[in-house]
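Trainee: One-letter residues, chain by chain:
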Amino acid sequence: MKQGKVLLEVKGLRVAVAGTEILKGVDLTIREGEVHAIMGPNGSGKSTLAQVLAGHPAYTVLAGSAAYDGKDLLDMKPEERARAGVFLAFQYPVEIRGITNSYFLRSALNALRRERGEPELDPIDFLQFLEQKLKAIGWDDSMMNRPVNEGFSGGEKKRNEILQLAVLEPRLAILDETDSGLDIDALKTVAETVNKLRGPDRSFLIVTHYQRLLNYITPDVVHVLADGRIVKSGGPALAHELEAKGYDWLRDGVMVS
Amino acid sequence: MTSIEAHVQQPYKYGFVTDIESEVVPAGLNEDVIRLISAKKGEPEWMLEWRLKAYRNWLKMSEPHWPNVKYGPIDYQAISYYAAPKKLPKLDSLDQVDPKLVATFEKLGIPIEEQKRLSGVAVDAVFDSVSVATTFQAELAKFGVIFCPMSQAIREHADLVQKYLGTVVPHNDNFFAALNTAVFTDGSFVYVPKGVRCPLELSTYFRINASSTGQFERTLIIADEGSYVSYLEGCSAPMRDENQLHAAVVELVAFDRATIKYSTIQNWYPGDEEGKGGIYNFVTKRGKCAGVNSKISWTQVETGSAITWKYPGCILQGDNSIGEFYSVAVTSHRQQADTGTKMIHLGKNTRSTIVSKGISAGRGQNTYRGLVKIMKGAEGARNYSQCDSMLIGDKCGAHTFPYIDVRNSTAIMEHEASTSKIGEDQIFYLRQRGLSAEDAVSMIVNGFCKEVFKELPMEFAVEATRLLGISLEGSVG
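Chains as they are written, first to last, in our numbering: chain U, 1 to 257; chain A, 1 to 477.
Hint data in this document are derived by calculation from the structure and do not stem from the laboratory. Using N, Cα and C, we set each Cβ at its ideal position, and we do this for glycine too. Treat the hints with care, since some could be wrong.
The following label-pair restraints were derived from C-beta to C-beta distances [as the list claims (entries may be wrong)]:
1. U:Leu121 x A:Phe16: 52 to 62 Å
2. A:Gly397 x U:Glu150: 23 to 33 Å
3. U:Asp248 x A:Glu451: 33 to 43 Å
4. A:His415 x U:Leu127: 36 to 46 Å
5. A:Arg466 x U:Ala237: 49 to 59 Å
6. U:Glu21 x A:Gly397: 34 to 44 Å
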């Protein structure tokens with residue numbers, strides 16, 4: 001595979017939340033167009049990595065760096081990261097009463113467009129734009145006029161995250177346990193959509209506990225995060241190995257080294 | 001701390017003072033002052049007698065202290081009860097309005113020159129104790145609609161005023177209503193004749209300008225059989241360290257099949273961050289659905305005032321009549337609000353809907369207080385109440401006091417309540433999608449208030465949304 005240029009370079013990242021160190025020195029390089037999967041046992045720091053890259057204020061960076069497209073990512077506000085093309089599909093998407101998905105998405109898209117110096121879309125233009133996007137991923141517009149995530153089932157919330165991803169067209173999409181709470185049909189739909197959205201200008205960081213999502217999305221690189229460090233990296237086969245053997249053998253490995 | 005706390009306040013935008021020569025009567029309240037006010041208005045004897053009766057009652061009443069608000073004693077003798085610009089135009093000639101007054105209202109976004117009018121809206125502009133301009137009176141008269149300052153109505157439509165004034169809020173209804181009856185100066189009068197759908201939105205804008213004065217306006221709206229009227233009031237005041245008293249009375253009467261829609265955007269000066277200054281907004285508003293199938297709908301967006309004490313209510317007398325109350329009340333800094341409604345069901349199959357949204361930020365205290373009373377004869381009455389509170393930060397408070405008094409077993413009552421907090425996670429979610437922290441809060445708040453905003457006339461919904469953006473800016477960080 002032709003190597004793209006480096007989009008994200010994380011070095012020695014140490015992060016604490018509420019005084020407890022969770023990430024204890026993470027190194028990670030993602031190139032343009034690559035799909036990386038981060039796997040690991042519960043409590044290993046996978047979600048922390050996703051949240052801190054998106055800029056959640058509850059996490060404190062103790063040491064290390066993260067360069068995104070050559071810029072200091074950790075120095076950017078969450079909205080600046082978003083406008084620069086960093087997207088996080090949340091593990092627990094929040095509900096926003098009284099605001100329709102369609103209005104919310106248009107506001108978000110226009111914030112991105114303003115940043116890029118593009119004209120904002122009015123509701124009619126947005127509707128056309130949205131129609132194209134939905135068509136491309138083969139979804140209908142049934143979620144668009146409902147309030148953001150309000151009354152959505154767990155699966156609908158996750159699908160809504162992927163819909164936002166499709167509309168906002170990020171350069172780096174971070175999926176935080178998007179597969180949890182999905183039945184097999186929804187999982188397939190989400191995976192197919194992600195596959196359609198793969199391209200040379202878009203990189204993915206897929207955080208997951210189980211290997212099953214990776215049955216449908218083939219990553220370029222698989223990393224194992226355990227106790228706040230990446231303890232092993234490899235090709236797609238690593239995910240299958242983990243599925244068969246669990247995580248304990250790796251944890252032991254950490255202890256030995 | 002990067003918490004939601006840090007954002008709340010932008011400076012109050014309407015806090016300027018107009019430098020205009022005013023006539024202000026000396027501070028103090030006694031029968032002579034009341035006679036003076038009545039004389040200045042050229043009122044008939046019966047009006048003066050009514051004022052004096054109210055005043056004598058008021059002397060025997062005491063200020064209510066049951067609301068969930070705290071403030072120091074008010075010295076009623078330190079207030080001036082009448083202030084008016086010296087150069088007043090002759091009635092019905094808008095060209096003669098003092099340019100300073102025109103400029104003042106222009107600055108507030110209320111054009112009183114008809115050529116610059118808000119499309120489809122007629123405006124009565126009240127400055128301190130007097131109405132300075134009322135637009136489109138002639139246009140409305142073609143439809144038989146009377147829209148004029150109360151003092152003009154007392155002189156020119158005495159029969160209507162005498163017949164209905166005080167029939168919904170009696171002169172001795174409560175302490176502040178009695179005070180208002182004694183000293184009220186201006187306000188608006190509306191009469192919509194049988195079968196007429198008022199072709200314009202009617203609107204009154206109240207501006208307090210003079211210091212050490214109070215504003216005591218009186219509004220009366222009568223919708224005759226089968227008529228419809230939508231009325232909106234707005235208000236603002238300069239920033240001052242002193243507290244100023246605003247004690248208004250509004251009475252609405254709807255006859256058979258008539259509908260009155262009454263909207264308020266209240267933006268009196270709320271006081272500074274430490275709670276210094278600001279308006280005491282002690283207001284009595286009540287509507288009577290006198291006829292069958294009549295409807296009165298109150299919508300209020302309360303963002304200003306140091307203290308708000310108001311319970312716009314409906315007396316549902318006519319069978320099948322409908323009362324509605326939609327409210328957004330915002331308290332930030334050290335603002336306090338105790339507001340809600342009273343729905344009194346008398347007629348058969350009467351229905352009422354209450355939707356109250358309270359938003360507290362800073363050290364604001366927000367109280368919903370509502371009474372739903374189903375009387376014995378109100379067969380088949382229904383009420384739906386919904387009280388939602390939103391907290392921004394951890395130093396504010398939300399309180400709910402719903403009173404229910406049912407005397408007819410066929411009544412159906414529903415009550416829903418919720419309390420939510422704008423959390424870091426909500427804000428972060430929206431910021432992660434590219435919205436600024438301010439826009440994130442504003443979106444969450446607007447979504448929370450949507451059920452109320454959609455009740456506002458189009459022309460004012462935008463204004464309300466903007467106002468809410470302003471009064472919350474600074475609550476997030």
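Trainee: If a hint holds in the structure, say so; if it doesn't, say that too.
Mentor: The hints, checked one at a time:
| no. | hint | verdict |
| --- | --- | --- |
| 1 | U:Leu121 x A:Phe16: 52 to 62 Å | violated, 38 Å |
| 2 | A:Gly397 x U:Glu150: 23 to 33 Å | holds, 26 Å |
| 3 | U:Asp248 x A:Glu451: 33 to 43 Å | violated, 53 Å |
| 4 | A:His415 x U:Leu127: 36 to 46 Å | holds, 38 Å |
| 5 | A:Arg466 x U:Ala237: 49 to 59 Å | holds, 58 Å |
| 6 | U:Glu21 x A:Gly397: 34 to 44 Å | holds, 37 Å |
The structure fails hints 1, 3 (numbered hints given earlier, in ascending order).
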